[in-house]
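Taking the hints as your guide, dock the two standalone chains into a single complex.
Quick note, the sequences are listed as chains D and S, same order.
Under full-length UniProt numbering, residue 151 is the last one in the first sequence; the count climbs by one each step, no gaps.
Under full-length UniProt numbering, residue 81 is the last one in the second sequence; the count climbs by one each step, no gaps.
No lab work stands behind these hints: they were computed from the structure.
There may be inaccurate statements among the hints.
[To be verified] The list that follows gives simulated cross-link-like pairs (lysine-lysine, DSS-like), each with its CA atoms no further than 30 angstroms apart:
| hint | chain 1 | residue 1 | chain 2 | residue 2 |
| --- | --- | --- | --- | --- |
| 1 | S | K7 | D | K47 |
| 2 | S | K7 | D | K68 |
| 3 | D | K143 | S | K7 |
| 4 | D | K69 | S | K7 |
| 5 | D | K2 | S | K7 |
| 6 | D | K2 | D | K47 |
| 7 | D | K146 | D | K69 |
| 8 | S | K7 | D | K146 |
| 9 | D | K47 | D | K143 |
| 10 | S | K7 | D | K4 |
| 11 | D | K143 | D | K68 |
Spelled out, the chains give:
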Amino acid sequence: MKLKATIIDIICLFYILLFVYAAVSKLLDFETFRVQLGQSPMLTNFKGLVAYGVPSIELALALLLIVKKFRIPALYASLGLMMAFSMYIIAILNFSDHIPCSCGGVLEQLGWTEHLVFNIVFMFLAVIAIILESNNISTIHEKNIKQYIKT
Amino acid sequence: MKTKVFKTALPAFAFLVAIGIAFAADANSSSQIGYYDDPFIPGIQQVQTQCSPMATGELCTHNGYQLYDEPSLENPLKRVE
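One chain only, chain S, in its complex shape (with noise of 0.2 angstroms):
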């Protein structure tokens, strides 16, 4: 019986601890999505970041295009010094 319930809690447990750790990890993550647009290719284009439209440092950009927060192309996104 206490062998079944070891057993049976521990996965349990694993799994809320692993879920805990992924919550917290995100949390903490600073990444996000920057949009541009590349005359070249058609529509707005996203690439993963790690600028912030909060941050006073210079502008980030991909490929040479001025990445922003939105796909509206709003807010230019800058680097987390």
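Chain D extracted, bound-state conformation (with noise of 0.2 angstroms):
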């Protein structure tokens, strides 16, 4: 039970290390992350909406993260993200030609598949956290209600 939160623990932790280290990389660069998405033929017409949105969710999802209440739907949300940054790389990587990633500090230094393979271990581990949170949740469920059939 204590090794399983701490597993969930270190594995927040390393998502609020990578939201906030991205998140804070695009803003302080932000003119050339505006300009990146630019340059990207899928993007390049919501690139300021994308430019604004995608800090924010970040930086939104490391907030989540530390509160305990709200962690399964941020690690979901988390997953998810992921997921659409996996999907967008594959189409980068199958439709364009040579376009910079926008990933912001020195995950722009990754070539496109390295930031794939990057991306999936962090979806895998989002999966193990959620899958670890949901167990931990239904055995204090079990505990709680064994103890309200005792009383």
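The following block contains the structure:
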């Protein structure tokens, strides 16, 4: 039980580090981020929305991952966001030529394929955390019910 | 109590570490925006480059057009060697 909670905490910490780092890097070099989005044929029409939306969502998810009550929805949302990024990478790899990654900071140094592997690892971690957290919640519910029946 | 502090302090610390790393990486970043004038597209265009106006290498171009440091097309960008 304690080990499970520790694993969930560590995975959430990794996500917080990733999201805060990526969001702050984008905001620090916002103009470059916007230009990079404009260079992408898929995002050029929504570059304003995406430029403000992605860092905001990343920071919001990092905050929600801290609060235990919101952890499960935040983990599902994090998984969804990583899946969306991965689908975008797959589309870039298949349909586009040279487009710079608008990932922020040192993540930009990764190639698209390395980035896809990185995302898959994080998606895998999110799935593990969701399963463990769901198990934790059902164990707590079972304990509460047993205690309620006893009294 | 100890666990509660640990659980709140650790994510807050992770926040600070991530912000610190982002600032440090930004200070080391060499990428900058280059501006060019494509006569077939109205207005000045922007592109991300690894070039610099201070560099001493060859002139930086994008699709054959010279890249500049500013939208007023001053200070040509050169490759960092």
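Results of checking the hints against the structure:
Using a Cα cut-off of 30 angstroms, the hinted pair S/K7 and D/K47 is violated, with the two alpha carbons roughly 37 angstroms apart. A C-alpha spacing of about 10 angstroms is found between S/K7 and D/K68, which places the hinted pair at or below 30 angstroms, so the restraint holds. For the hint pairing D/K143 with S/K7, the CA-to-CA distance comes to about 23 angstroms; that is within 30 angstroms, so the pair holds. Proximity of D/K69 to S/K7 is assessed by CA-CA distance (about 13 angstroms); at most 30 angstroms being required, the pair is judged to hold.
Between D/K2 and S/K7 the CA atoms are separated by roughly 13 angstroms; this keeps the pair inside 30 angstroms, and the hint holds. Of the supplied pair hints, the one linking D/K2 and D/K47 is violated, its CA atoms being roughly 44 angstroms apart against a limit of 30 angstroms. Distance restraint check for D/K146 and D/K69: the Cα-Cα separation of roughly 23 angstroms lies within the 30 angstroms cut-off, and the hinted pair is therefore satisfied. With a C-alpha separation of about 28 angstroms, the suggested pairing of S/K7 with D/K146 holds against the 30 angstroms cut-off.
Restraint check for D/K47 and D/K143: not satisfied, since their Cα atoms lie roughly 49 angstroms apart, outside the 30 angstroms limit. The suggested pairing of S/K7 with D/K4 holds, with an alpha-carbon distance near 15 angstroms, which does not exceed 30 angstroms. Between D/K143 and D/K68, the direct Cα distance comes to roughly 19 angstroms. Compliance with the 30 angstroms bound is thereby established for this hinted pair.
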